[in-house]
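Between the sequences and the hints, there should be enough to build the whole structure, so can you do that?
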Amino acid sequence: MSGITQSTALWYASRATGVVSLLLLTGVTLLGVLVNRQGRLPGLPRFVVTGLHRNLSLLAVAFVAIHVLTAVLDPYVTIGLVAIVIPFASPYKPLWLGLGAISLDLVLALILTSLARARLNRRFWRGLHWFAYLAWGSATAHSLTSSTDMHSGVLLYLVIACIAAVAGAVIWRITQAGREVPREERAAATLDMMSPRSVRAPARRGPRENIH
Amino acid sequence: MKDQLRVDPTVCSGHGLCAELLPELITLDEWGYPIVADGPVPRSLDRHVRRAVTDCPVLALKLLPAR
Amino acid sequence: MTFGTTVPHPGQPLTQPGGAGDGLPRLLPARGAVPVDLRTHLGRLGQPPYAGQAGRLIPVLQAAGLTGRGGAAFPVHRKLAAVAKARTQPVVIGNGAESEPASEKDKSLLWISPHLVLDGLQLAAEAVGSDAAGLYLHRHPRLLENLHAAIAERAAAGMDRAGVEIFEAPHRFLAGEESALASRVNGGPAMPRFKPPMVFERGVAGRPTLVHNVETLAHLALIARFGPDWFRAAGTDAEPGSMLCTLHQADGRRDVVETELGTPLRSLLTLDGHTQAVLSGGYHGAWLPAADAARMTLSNADLRPAGAFVGAGVLAALPADRCGIAEAARVARYLALESAGQCGPCFNGLPRMAAAMAEIASPRPDPRAVTDMIRWAGLVQGRGACHHPDGAVRFIRSALHVFRDEITRHGQGRCVDPARRPFLPLPDSTALSAADWS
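Protein chains in written order, with this note's numbering: chain A, 1 to 212; chain B, 1 to 67; chain C, 1 to 438.
Simulated from the structure, these hints should not be mistaken for laboratory data.
The list that follows gives simulated cross-link-like pairs (lysine to any residue, SDA-like), each with its CA atoms no further than 20 Å apart:
1. C/K85 to C/G129
2. C/K85 to C/F74
3. B/K62 to A/R126
4. B/K62 to A/R117
5. B/K62 to C/G382
6. C/K195 to B/S13
7. C/K195 to B/D3
8. B/K62 to B/T27
9. B/K62 to C/P196
10. B/K62 to A/A116
11. B/K62 to A/F47
12. C/K85 to C/A205
13. B/K62 to A/T113
14. B/K62 to B/A37
15. A/K93 to A/W11
16. C/K195 to B/D38
17. C/K195 to C/F74
18. C/K195 to B/P65
19. B/K62 to C/K195
20. C/K195 to B/R6
21. B/K62 to B/E20
22. B/K62 to C/F194
23. B/K62 to B/P42
Written out as structure tokens, the structure reads:
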């Protein structure tokens, strides 16, 4: 195989795994919002949502690793191993690739802290996990700028769908959180819900009908 | 395992995964909150207990040494 | 906003009920509710008898058999021993946050005999090897002012070996709970925490923390001076010593008295035909029919088998012409609204139980209210981070039992007091935001 063909194969591999990585990260982000809101995937047990969230994130890391290594190994452009984790250190397209490095750093931090979750301070883990949105945003920006692949055709629709989905999920999360009763008011809210004669209500009530 | 399974009720927000993963020891009350069986955890359920503890989205389920 | 009644005014006499034990009163001065200043205190009792070494006081307390006067009646020497063997420097806090609306004894004690409490705080601190002490109480401006002054006076006289800081508690029912106390002192809200770790293992600033009711500390200060035999001269063998009680008489009078354990309840409360029932132990306590109470003494030996307990000495006599269920429903509503809102079973169960009580207290109630109540009571018990749901269940269950005839009357559309005049004291504020918990 000639040098140029080999380079092309690596380049295509990097672009393909890049697209898959973005899709996986989008899925992970959406599942994360679903976990937080105690939502379910229709017909499936609750542990599937958390399980899928965790497993897809690990799969995403695998695809990102291939995406990054094939890009670095490709001799056609000079990127350098360091640029994988140090943002803006690449001689080729430093800014756009830098966004990718930021995303990778954050994803690694999120995954490592999540694996060690039981041993970490709860507030610290939670605070760090908020950076997931930044990791996704940075990855999306990196995808749009590092290559023109996603500027037309199916890939354009795909990236628009990803952005719309995450935006929708974030808006949903914010509005739901806005409706939550703060804990200091929960008992009073439950009492208001129970006017004296509503004791006639059925015994089985799901969590949806309660103050959370 | 002489350890005891307990829920931190101040953290638990009623996700309900624990009852799915460990129905032998955990059921949900009518408001979606876990009722955990008393007493030491049987060895045969080790694996399931560990998974339920790890998978709780808020880490409310705890395996504590028996006092 | 009022929380309980104000502290007793100078000159208002405190009654000394009958009881065979002499040497009473111990905690309060013999005459009147006049605050005892430092000079009088030192003149009467001398300097606090420091042992010179940590741990020396503990066997003395064990011999005396002093138990906590905050409600739990836990052996004092065991708590001190557990904290004393800690490897990090412990902290000692006197708990004066009397959150029980029907209880006045801690406020009275702090108002009248602050130096006795502060002596006890110092001696307890020495016993566990601590140099950091604190006093935790609700925001009563005059009382706080007095205590700040008392502490400053002692500091100036060089009496205290441990520094004493005052911590203010919000007016919430749960604020006096041990872990809520630790949370508040640590800068957070006064809400209970999940245990383990216990407060005596890790509490204030992550350090082992000894928390004792202020009355317990007052007794400790006297035992250190007069010895275990003196302490045991009052009370019974199993439950020695004296204690402060808040008495709510059927005629509406409210008194704080000091009496010895084992005193017959009929010498504390007027239990004639005008009284239908007695509440013992406050709003986490239990009701007793007046006839039963008339045969009992102020002791856990008598009260526990009847489902009640001595607790913090709150005794209320409900007049015969009041509706016990309506009374219980008002308290149940208060208890529900005082939930911290942290634990699902509590903030779901207690308001539902309160609503059911309101239903039962109304004419011709839905019979399902009682069945639902029993189910919810079973669901909430033992499933909170603290004992608030358990106490509420105890209170409500005993009301359903003791006032069952009244429930039957309601079923027939009748009530002993259709006007439903309130009797038991309840504050009228409820928490609305996080600021109400700090």
